[in-house]
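Colleague: What follows is each chain in one-letter form.
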Amino acid sequence: MMATVSGSATVGGVSFPVSAVVTLPAPVTPPPASPQCYFGVWDDGSGYPADGTSFSWSGVQKFSAAPVKSATYYMAWLAPYPVGLGTLAKANGATLYLNLEPWNTWGGKANPGMADIAAGQYDQWLTGLGQAVKAGNNPVWFTFAHEMNGNGWYPWQQSGGVSPAQWIAAWEHVVTTVKAAAGGLASFVWCPNNADVGPVAPYWPGPAYVDVAAADMYLNTASASQTYAEFAKQTVDQIGKLDGIGALAGQVWNAETGVAGTSGGRSARITQYVRDMRADGRLRGFAWWNEGSYLLQPAELSALTAAVNAWNAS
Amino acid sequence: MAVTVSLTVSPAAPAHGATVTATYAVSGNASGPGTPVTLTGEATVGGQSFPVTASFTIPGAAAAPVTYAVPTCPGLTFKQGPAANVFTAVVP
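In order, the protein sequence lines correspond to chains B and E.
Quick note on the numbering used here: the first sequence kicks off at 1 and runs consecutively.
Quick note on the numbering used here: the second sequence kicks off at 1 and runs consecutively.
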């Protein structure tokens, strides 16, 4: 589609308006913002292989009482693209959600510096990821260096010596490089941690570099007795105030979530948490982290999938 | 010389994920050349006249200051590029 780029230069106090025409590609259709819950799963018991080359859908399959739309996978830096998981996702009507993590570098190589990423040192790998997405012919969601507003658990946080400006520079480069090779099939999920650990705004790169605004919002052990409104909502509120956020503010994805184990009653808390997210009206869904203290027992899993189905029916 | 300003966009038909570069060009705003001049005079000493001259160059006009607005385009968000007259945007 044709679009006009407008600008002006001021020479000696006199303004000269100018314009140029550019032909932009048709907009990528964003993931559906329907009332359907964009329900994703990370399940560490899936048998995801250490060699990154062969995959099982069994972990995701546990949640099949509700429609699973996304399968989460965490990629070490320079790891091979999970072709097999992409094939399974496509066959099951789901989208991969690939977390690019700039550490634990594949092959025991040195971890990357954010400045080196921004400077293009890893473009060959990033371009390869985009090419793999294009070859797979199925949309893929990416995030990169998530939970960056946290403090102390990832080296790309400020505790690791990475400033928000450095993080943004690396983010923009990763987004640009992967997308340039992905044939319009790659979307990028901007994903800070719940805002109780730090404000999200310093890391906002602007809407040109974000397809889905998200956050990892657990009812974790620090908030075991709290509700969505008391703990997670603050993050959605902050996202809604980001510069230029626009329609993305009404389609926030809870990209990692879980309800920490408590002495009984967790099924009811899960049901309430999902119901509260739906009632907020600004969330498009969530991805469940099924591991560790968030691992669901059978009755809890049934409660979760029932809550997703209730979301979809509402 | 009249001042003119133009704006070019490259590439003209970018793909998703491509970086679009908008570049301003200003012409006619070069500094003017200096003008050589010669002063002539005369001094009379004891009734005798001594004509004298001196030459120098009057400096030309400086180029006018130029500022550039951030370009706008539906669907694109331009940011400052590597030079003051260059702006870039990523095609979402």
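In short, the hints are calculated from the structure, not lab data.
Where a beta carbon is used, it is the ideal one built from N, C-alpha and C, also for glycine.
Worth double-checking, as some hints may not be accurate.
[As the list claims (entries may be wrong)] If you want a taste of the chain B side facing chain E, the calculated C-beta under 8 Å gives, among others: (1) A3; (2) V5; (3) A20; (4) T105; (5) K109; (6) A182; (7) G246.
Colleague: Each hint: holds or not?
Modeller: Consistency of the hints with the structure:
Hint status for A3/B relative to chain E: holds, with the closest Cβ pair at about 5 Å, below 8 Å. Contact between V5/B and chain E, as hinted, is supported at the beta carbon level, the nearest pair being about 4 Å apart and thus within 8 Å. The beta carbon of A20/B is positioned within 8 Å of a beta carbon in chain E (closest approach about 4 Å), and the interface hint is therefore held. Contact between T105/B and chain E, as hinted, is not supported at the beta carbon level, the nearest pair being about 24 Å apart and thus beyond 8 Å.
Given hint, K109/B at the interface with chain E, is violated; its Cβ is 26 Å from that chain's nearest Cβ, farther than 8 Å. A hinted interface residue such as A182/B counts as satisfied when its beta carbon comes closer than 8 Å to some beta carbon of chain E; here the least separation is about 7 Å, so the hint holds. A hinted interface residue such as G246/B counts as satisfied when its beta carbon comes closer than 8 Å to some beta carbon of chain E; here the least separation is about 11 Å, so the hint is violated.
Consistency with the previously given hints fails for numbers 4, 5 and 7, ordered from lowest to highest.
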